[in-house]
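**Q** These are the residues of each chain, in order.
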Amino acid sequence: MIVAEQKSFDEISKMVESFDKVLILGCNECVTVCLAGGEKEVGVLATSLRLLRKQGDRPITTLEETVTRQCEWEYLDQIEKLAEEADCIISMACGVGVQYVAERFPDKWVIPALDTKCAGGSVKHGQWEERCGMCGECILHKTGGICPVARCSKRILNGPCGGSQNGKCEVKDVDCIWDQIYKRMMALGRMDQLLEIEPEKNWSKARDGGPRKLVREDVMIG
Amino acid sequence: MSENKSRLQTLFEQGEFVVTGEIGPPKGATGSGIREHAKHLKNCVDATNLTDNQTAIVRLSSIAAGLHVIQAGVEPIVQMTCRDRNRIAIQSDLLGAYSLGIKNLLCLSGDHQSFGNHPTAANVFDVDSIQLIRIVKRMKDEKVFACGEEIKSDEPRFFIGAVANPFADPFEVRVYRMEKKINAGAQFFQTQIIFDLERFDRWMELVRERGLHERAYIMAGVMPVKSAKVAAYMQKSVSGMIVPDEMVDRLKKAEDQKAEAVEICVEQIKQIMKIKGVKGVHIMAVGWEEIVPSIVEKVGLLPRPQIPGAALAAV
Amino acid sequence: MNEFQPKIVAFCCYFCAYSAADLAGSMRLQYPPTVRMIEQPCSGRIDIQLILQAFEDGADGVYVAGCLEGDCHFLKGNFRAKLRVGQAKKVLDDVGIGGERVEMYNLSGSMGPRFAEVAHEMHERIKNLGPSPLNKTAASAPLPAAAGSE
Ligand code: SF4
Ligand code: SF4
Ligand code: FES
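Protein chains in written order, with my numbering: chain A, 480 to 701; chain B, 217 to 531; chain C, 441 to 590.
A portion of the hints provided could be inaccurate.
Unchecked claim - In silico DMTMM-like pairs for lysine to aspartate or glutamate, Cα to Cα no more than 20 Å straight-line:
1. 603(A) to 654(A)
2. 486(A) to 533(C)
3. 353(B) to 229(B)
4. 474(B) to 462(B)
5. 353(B) to 675(A)
6. 684(A) to 342(B)
7. 396(B) to 543(A)
FYI, nobody ran anything at the bench for these hints, they're computed from the structure.
Sequences are here, hints too, so could you generate the full structure?
**A** Next up, the structure:
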């Protein structure tokens, strides 16, 4: 899933300073699961903004709605009326959702309430970790199902680097993923596979090649 | 093509016990300090490393620094990390470096930028150190760029170095990775700074078991530690470095800590020279370059061998 | 000028604080009339939105009272409540109302006197803080700071 985190309230409130009636739009998918932009967070943000603005001379009206998925036109069609009523839309979805909203409502000012972090998952309640770097050409079959592209601080494909100590990465408080890859490959009896040099990666399949687009003509209708 | 070989490579091939030093380029646009350090090292080391924005702090480029030491009469070993350049910039810099007369290249991953003075910089790592080694080797042996395109003339022919860390665990992984680097094209190795000789010895045993000492020249990294204070600091704060307590104690008890530091370093080198498969020593005395001549002399490695006709000059 | 009488909302768990309030009543213990109790099936029922709502609807202070730690009838309800009160404090600080206007307490059904004590404590705290910034226009001017110190 996409993991995101809410921006600071201060940052959000500054972005809506000049608006009097805002639609706060949640998304029922990933950002609900990672407790960043679901129905609950929509309610809290809306109330917080009202509480703040009530104290000054410019109170704010909030409209609240949470759709099934912000990254799909049909769900945005359902909020057309609501969107019309507002002077601006605060999207509490990931960056994809925010852009869908902006594209679907071209005359509305759209504000992102979240910082989109990574493709990952929850490892325990309240903790999320990155798992995939969306490199466009998966190599997990070579690394025992553990991704060095996303999880090695230097995205090294022939690791570990010299900074790996006692299973910890030289960077921050993270595990050295190459340590884990080696341990897993050892346990699976596949060390010889790691002795093969992984050649330079084709980053053109990743974001480096420009924005990516997938076309499946076999499923397109008319 | 022997005239193209670096002094470093030639000495290894002649079976000499090689000595290298290290210079950290300055945080300013001048080569005078580098040349000054190089003068201290001249005639007592066979070549010197020039670090590449070490610990991710912006410094004068290692290639430019390499030219400064050439001008001061010392052979450079230019370090190149994968942190800051993609494969286009790397290869371009390799052509440039070789055109300036730089013949030794040490390939490393590079410290993560979060350690340096620009922690918000992008993290390049288009290729990793092993891929870099392979690129440099293919440029030399196959005369091709990384993309496979032919280098029509004047391909760079570097003597390719890499680093090895005998102290990270698991042990075997380190040896594996060293082997991988050799397979990729590494011809010589410089290790991390060694204080724990016993552990290094055990590591060399594994290296010999796999016959790696016969496939590449291995240099042991050493460092004269100026004072007990520095030693204690390194023991505590420098990750991946094992500083034995005895060493800290010895320095503490010494009347003249600097003299003791030299003494310790000399003893270490002498012991290292006895370990089978070690072909040289890399003395890292950054900031204390002037001490290197007396260390090398006390070990009995002076004068350094001369290579007839291998005059160093900027092109 | 009338003296400021705060409006305090107490979200009380049925199993502890709510029964403690009953007990306090039958023991004829006095507690401030400024505290309005809302019965909850468990303190874990609370969420930030509910707390914020109370302020929006005119409260000057809010507290949540749950069972003693380890005694929640739904096991961890009171731990969740504690975390949520913490989150609400942060939001209230962010919006300028002040996190010190909300608090979490733990007590048992037999702690009638403690119930009264908590009510007094909160009443004093909010009185000293003055009306919620949202109520300032309507209510009397806040007390001078010195009047709050005992
Ligand atoms: S190898 Fe690429 S696609 Fe596969 S998990 Fe890693 S980043 Fe994602
Ligand atoms: S320590 Fe491990 S995870 Fe960290 S950069 Fe090096 S190889 Fe990657
Ligand atoms: S039952 Fe009282 S706090 Fe949960």
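**Q** Indicate, hint by hint, whether the structure satisfies it.
**A** Status of each hint after checking the structure:
1. For the hint pairing residue 603(A) with residue 654(A), the CA-to-CA distance comes to about 16 Å; that is within 20 Å, so the pair holds.
2. A hinted pair counts as satisfied when its Cα atoms are at most 20 Å apart, and residue 486(A) with residue 533(C) qualifies at roughly 16 Å.
3. Distance check on the hinted pair: residue 353(B) and residue 229(B) sit about 18 Å apart at the alpha-carbon level, within 20 Å; holds.
4. Distance hint between residue 474(B) and residue 462(B) is fulfilled; the C-alpha atoms sit about 16 Å from each other, no more than 20 Å.
5. With a C-alpha separation of about 16 Å, the suggested pairing of residue 353(B) with residue 675(A) holds against the 20 Å cut-off.
6. With a C-alpha separation of about 13 Å, the suggested pairing of residue 684(A) with residue 342(B) holds against the 20 Å cut-off.
7. Note on residue 396(B) and residue 543(A): the hinted pairing is violated, with a Cα-Cα distance of about 58 Å set against a maximum of 20 Å.
Of the hints listed earlier, the one the structure fails to meet is number 7.
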